[in-house]
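S.K.: Protein chains in written order, with this note's numbering: chain A, 4 to 289; chain F, 4 to 289; chain E, 4 to 289; chain G, 4 to 289; chain Z, 4 to 289; chain S, 4 to 289.
Treat the hints as calculated values from the structure; they're not laboratory data. It cannot be assumed that every hint is accurate.
A pair counts as met if it fits within one copy or between any two copies, since identical chains are not told apart.
As the list claims (entries may be wrong) - Subject to a maximum C-alpha distance of 25 Å in a straight line, what follows is the list of computed DSS-like cross-link-like pairs (lysine-lysine):
hint : residue 1 : residue 2
1    : Lys289    : Lys227
2    : Lys272    : Lys284
3    : Lys227    : Lys244
4    : Lys251    : Lys182
5    : Lys284    : Lys223
6    : Lys289    : Lys272
7    : Lys182    : Lys289
8    : Lys9      : Lys182
9    : Lys182    : Lys58
10   : Lys58     : Lys9
11   : Lys289    : Lys223
12   : Lys256    : Lys223
These figures come from a predicted structure and were not determined experimentally.
Number of protein chains: 6
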Amino acid sequence: MFYHDKRLQYPVKVDNPDPQFARMLQQAIGGIEGEIRVCMQYLFQAWGARAPSNKYRDMLLHTATEEMGHIEMLATAVALNLEKAPTSLQEEGAADEVVGAVMGDESPRHVIEGMLHRHILSTGLAAYPANSDGVPFDMSHIYASGNIAADMYCNVAAESTGRVLATRLYNAAHDDGMKDMLHFMIARDTMHQEQWLAVIEELGGYEGTLPIPNSFPQEKEDQKNNYNFYATDVNGEEPPKGRWTEGKSLDGKGEFTVFQNKPMGEEPKLGPARPDSGAEKQQMSK
Amino acid sequence: MFYHDKRLQYPVKVDNPDPQFARMLQQAIGGIEGEIRVCMQYLFQAWGARAPSNKYRDMLLHTATEEMGHIEMLATAVALNLEKAPTSLQEEGAADEVVGAVMGDESPRHVIEGMLHRHILSTGLAAYPANSDGVPFDMSHIYASGNIAADMYCNVAAESTGRVLATRLYNAAHDDGMKDMLHFMIARDTMHQEQWLAVIEELGGYEGTLPIPNSFPQEKEDQKNNYNFYATDVNGEEPPKGRWTEGKSLDGKGEFTVFQNKPMGEEPKLGPARPDSGAEKQQMSK
Amino acid sequence: MFYHDKRLQYPVKVDNPDPQFARMLQQAIGGIEGEIRVCMQYLFQAWGARAPSNKYRDMLLHTATEEMGHIEMLATAVALNLEKAPTSLQEEGAADEVVGAVMGDESPRHVIEGMLHRHILSTGLAAYPANSDGVPFDMSHIYASGNIAADMYCNVAAESTGRVLATRLYNAAHDDGMKDMLHFMIARDTMHQEQWLAVIEELGGYEGTLPIPNSFPQEKEDQKNNYNFYATDVNGEEPPKGRWTEGKSLDGKGEFTVFQNKPMGEEPKLGPARPDSGAEKQQMSK
Amino acid sequence: MFYHDKRLQYPVKVDNPDPQFARMLQQAIGGIEGEIRVCMQYLFQAWGARAPSNKYRDMLLHTATEEMGHIEMLATAVALNLEKAPTSLQEEGAADEVVGAVMGDESPRHVIEGMLHRHILSTGLAAYPANSDGVPFDMSHIYASGNIAADMYCNVAAESTGRVLATRLYNAAHDDGMKDMLHFMIARDTMHQEQWLAVIEELGGYEGTLPIPNSFPQEKEDQKNNYNFYATDVNGEEPPKGRWTEGKSLDGKGEFTVFQNKPMGEEPKLGPARPDSGAEKQQMSK
Amino acid sequence: MFYHDKRLQYPVKVDNPDPQFARMLQQAIGGIEGEIRVCMQYLFQAWGARAPSNKYRDMLLHTATEEMGHIEMLATAVALNLEKAPTSLQEEGAADEVVGAVMGDESPRHVIEGMLHRHILSTGLAAYPANSDGVPFDMSHIYASGNIAADMYCNVAAESTGRVLATRLYNAAHDDGMKDMLHFMIARDTMHQEQWLAVIEELGGYEGTLPIPNSFPQEKEDQKNNYNFYATDVNGEEPPKGRWTEGKSLDGKGEFTVFQNKPMGEEPKLGPARPDSGAEKQQMSK
Amino acid sequence: MFYHDKRLQYPVKVDNPDPQFARMLQQAIGGIEGEIRVCMQYLFQAWGARAPSNKYRDMLLHTATEEMGHIEMLATAVALNLEKAPTSLQEEGAADEVVGAVMGDESPRHVIEGMLHRHILSTGLAAYPANSDGVPFDMSHIYASGNIAADMYCNVAAESTGRVLATRLYNAAHDDGMKDMLHFMIARDTMHQEQWLAVIEELGGYEGTLPIPNSFPQEKEDQKNNYNFYATDVNGEEPPKGRWTEGKSLDGKGEFTVFQNKPMGEEPKLGPARPDSGAEKQQMSK
């Protein structure tokens, strides 16, 4: 179960509110690279963790709970960036006098053009769980496979795209408070990338975990097609050489080769449409 | 651009059609761990690849094109498994005499209970791009970040969950043809897991790629918070020790430590609701 | 604006309630081939109709309003089919004595296995706007393009897949009341298929409408590539001959030919990744 | 920010694992009436709370944090109910000997028929954030309007449908552990229904809050149409009498009456389609 | 069943077409606070209404039918606001001479920046069923629970957020015709808020309806946890006092108290991963 | 199975990169009228094709494979249009010197206002499978019904809305390279409209295919209601005359007439709510 502290994990300050930047921050809340995703992903991985011990379950709970606080920081940052946003398309500006100084010499209409419109219409100038183009977060992005190694790579993927996003936000930002908040979040993403990879190391690295799942008896897989790069260039041009085209495989269990792809199967032939199946008569056998 | 061959990449045979297994196979078509996802993900990564050379773009195109053929194999397998499926809830069975022998002594109604209903109602006994519970595939799952290392980990994640899925399907299957097809696909997933990790190795492994993105000057991130595990246990209980709680970080740029999480920020205080913003009067300053 | 009559457009009777058939009927309510789709599609086409006269707007409103009543009939049929559905997994059956006789000798658990679970858990034994696998209807399926000919073909598509669905439901049904309701709906779909095609005829048929949109000056399109079938077989095998490979085109404006597809463009070369764009250093120019 | 305790808020025990009940429980996790919804809704309402004081923000954080623990309980219950679920369609049952005794004399195939297939294929026998028909939770259901009264009614709606769901699950359950867990959750929903309504009372009840938003000057709304019930029966039949057809309005600001609906506007006439807008020529003015 | 009148329920006039306002209006069509939602919600509640009499079914049909006409008004308003919208990014403006005077001195490019792009690309300058950020309406927002009291609160929630939205649109608008249309819609929302609350009153108010569902024997719920506010502040700080922390509960059936939350359950311990379940070997028991 | 050629099907050149046009092009990639849709639709129709011969299967594969190359062209065009896009909201422009000349005298902030934000934040200046408002493509739009005639009309619908979109993009474009690419795509859409209609002709035109599905014995449908236009005008005003109100039906099997709609059914009366079904007591029979 959970507890909260009213205070934020890290300071969130905005000197120059910018509704356009509020929009950008939404990607870190409700985007596929964002914080709801990692928080919920780690929680569901923890809650479903099956293993002889609770070690990884515990670790996941620690970090999931940390991420909860990151969503909070970002939601707060969005609300602060919207504090002086215009709410009216009228030329004379909003009836509300707090607005006007915002965004230099931009007219209210111009500022609104770049905003998420639901920041004005649906939330009363606050964050909501959608991305920077307004698409709501969809929980199908919570990857929790029941396989610890697969899950760790899903987490590395999430934290890698997450830190890429955070640095892009940092580069786009002009406010010192926002840059400070983001430089903290970027650091946490660094740690989390390492953390999930460290689990892989602890499980024995490539040799101890690959191919995932390692519980499937590898002799049951097609031994002729598990370490060869399939080339599909129509002109038969050789693919670029790389670590994956020759040499021992990373798991030490095979040798990389190149295979020019070609059909091993036949042209499929389905049975004709059956009566009562809603097809046209012409699709049925005569 | 692309070409096709009418023949399948690998043989697809079904001796004992099973509409319930057709449903399961849908997960490998339209599930988040499935083949549409990897095909489209590699295509979009290729098409957006920015780099001094086209090497990785090329490699991605080879494998994306291979995956296209995997969707085809699975769609064919679904159609074949549906060949004798019942289409009627009537006790006497379908009007169509080809049905009846299917699934041992199951009544048509029982067989339909476990089927995806759109296999009967929407497709005329064929595959469609949805998962095994009927949820259509949603293209937000195409991860292509513009960062080669992040993308590779997204691909490892996809192929890891993909091979986990393929082995689960193998374990659930009872038909020799299906097991043969799957044992090929499992092998290809093995190769692809290795392939994307081999790119990471080629780029210099952890030291050469971490933290992702490595183009962000690391001195700009919060140096006090980038290699410490945050513990959030309310009782202050120490988290389990692991590779990520002590020792040199994987990228060789820091030292892992543990930090008992606590608020560094203040309780946030948003401005009161503004007139004209649709709030209740009680939310406005007096 | 709109009015209602409490009575149904056509009688809806269910003698033998069948919760499994209630599930199937959902496809005709909230499926992409269903009645919400056509109702809303015709409404939005009507409401956006731009033309010198209101003739097509009017016609669309008539039929959209008719479709509204079809959703109502189906929703009623779902509720009636659920009247005796079990609500408990307990072996002894539901506490409620009205249940029990339902579905012959099926145990409550068996009946529930084939049901949409939200029929029990979310609606209190009534319809909801989702398809037969429980996926909610998504309004992106409302096709209203602003082009009258394109819209008519979207409508033919909707009514064709709609009548295919209705006949599949008819074939699956065992209850006389349900067959009666469906034989009416199948008839209405017949009319609507014809109706939208009749608009095309009235606009001048293929010659008067194709290529859609006919307002784009056809001399601006690529005159070498507008009536030739592109063949992509990798072995250069000739495609099957058909009405579309030779002879005058349907609009009378061209001649069908076959073209063996080949690249006319170059390999694309994007600029390298820019600093500050979140890529890996290795993707940047040196 | 947040903390966690490894222990659950309330005991979760399952004596007789039932994979079918695991499916039902998913509705309380990822359904629109479920716990992710209320947790996230209260969090976003708290994080965006604008008011002279932080009182309601604080209250919302307390309850949101409580709900977090409810998701955890349910996810645990799902995993426990799946402990002995079959994973294979083979007649002889799963290779795994722990299975077999589950669900009385049901064959593995029968048990699987009623299961969410992703419980087998995607999660390794654990919960995921989707509803009981497998549809992932979509964050557009997080209602946080920036208006405290509107939000409270959204919360009452959530807790009412939530408690309806919880009692339906209770009625469907056969396991004492599950009934115990649910009788706790039902109790919490009782409190939460009251809690949000108590905020309305504290704000002055109907008179103090209606019409929502009360900050909009009511003299600006159409005074002739704000307290009359519009009747749309095509036969002009009088609507049923009720508290809303006569007497003083609940907010004390008007008098309920009945109005037979009729058009006050004209038939709309849009401009013809413009050149370059992609319409057919026939839609343009001549 | 249903009928239509070509004329609008209320006049819709636009003197100064504004494509940016057209975008805003989309929220009232396809947003979660919009008119499709209430129309469809009331229809499905009506169609599934189970009760000794049809009284509430009838009332719901009246109002659902009214709402249908509101969608029509808004769709008309969107089309009229788009009448002079630019369709080209070329500096010289659109080829079409009707454009140009629109939006004062804005260049076509500037106007397009703030528009929904599908207004240009997909609809030919007309409305579509999506919100103001272009997200299509998703029918999972149709709340119809089968419980009359829960449904009424869902309706109050819809009409409260709906009137909040309508007043925000009113405040953002600059056109007299639009303000007139909205002042009518705001009035209708006032009535509908009252109407659904009046049903609650008629059912006996808080005492007659709470806790929802009142048909569940309250003695079966956890009597120790149904009227106490759970506090989760990690520092044990007392929550703010409110109507919900002390005094008689609103339904008169309990007494509000405060409870400092703490775990009553144990740390959960799931069984280890099973063979054949797709986990890593390390997750299995030894 | 499939092969690729590194070169593009047709040249893609961009002289004046325009991030706003990149956004527009997304509609042709991930919009419902776009190329992913047709590619996948033709593939799934091919893969599920049931008929005595493989003729239509083959044809569909040719064209599906062609469409794959169209997605590639568009994705390339998007990336090229984003080459000089700004990535920072700072007034002084991006740190990156390649930017600045873009879009004439627009400030970076202005350019960003009209951009899809995920082009900056999620993809590193490349395409992704979403529409021009950022909504990801959803595979429920893949229409493959198992009925060849229905499918052909679905394809005509797709290519009609597709060519409408392509001409709108052509009209909006200002870059010669983009106009050249689009004039090719417009031509291909012309061919594909004809191609699918030619299949209908080959199957016997209206008489040979209607009503779809023609395998359902037409005598089973309601012979009194299959060729009459239902009028729903509340004032009984006669609907506009058209090809569909009189004369022989297009399939030659009936005669068009007009029918003034009226209820043929009764007011529905559902059973009262059952105990244990989660309703209010007031909904149950006494």
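S.K.: Give a verdict on every hint.
M.R.: Against the structure, the hints:
{"no.": "1", "hint": "Lys289 with Lys227", "result": "neither (43 Å within a copy, 31 Å between copies)"}
{"no.": "2", "hint": "Lys272 with Lys284", "result": "within (18 Å within a copy, 40 Å between copies)"}
{"no.": "3", "hint": "Lys227 with Lys244", "result": "within (20 Å within a copy, 39 Å between copies)"}
{"no.": "4", "hint": "Lys251 with Lys182", "result": "neither (45 Å within a copy, 28 Å between copies)"}
{"no.": "5", "hint": "Lys284 with Lys223", "result": "between (44 Å within a copy, 16 Å between copies)"}
{"no.": "6", "hint": "Lys289 with Lys272", "result": "within (16 Å within a copy, 47 Å between copies)"}
{"no.": "7", "hint": "Lys182 with Lys289", "result": "neither (72 Å within a copy, 28 Å between copies)"}
{"no.": "8", "hint": "Lys9 with Lys182", "result": "within (23 Å within a copy, 34 Å between copies)"}
{"no.": "9", "hint": "Lys182 with Lys58", "result": "neither (35 Å within a copy, 30 Å between copies)"}
{"no.": "10", "hint": "Lys58 with Lys9", "result": "between (29 Å within a copy, 11 Å between copies)"}
{"no.": "11", "hint": "Lys289 with Lys223", "result": "between (43 Å within a copy, 22 Å between copies)"}
{"no.": "12", "hint": "Lys256 with Lys223", "result": "within (14 Å within a copy, 41 Å between copies)"}
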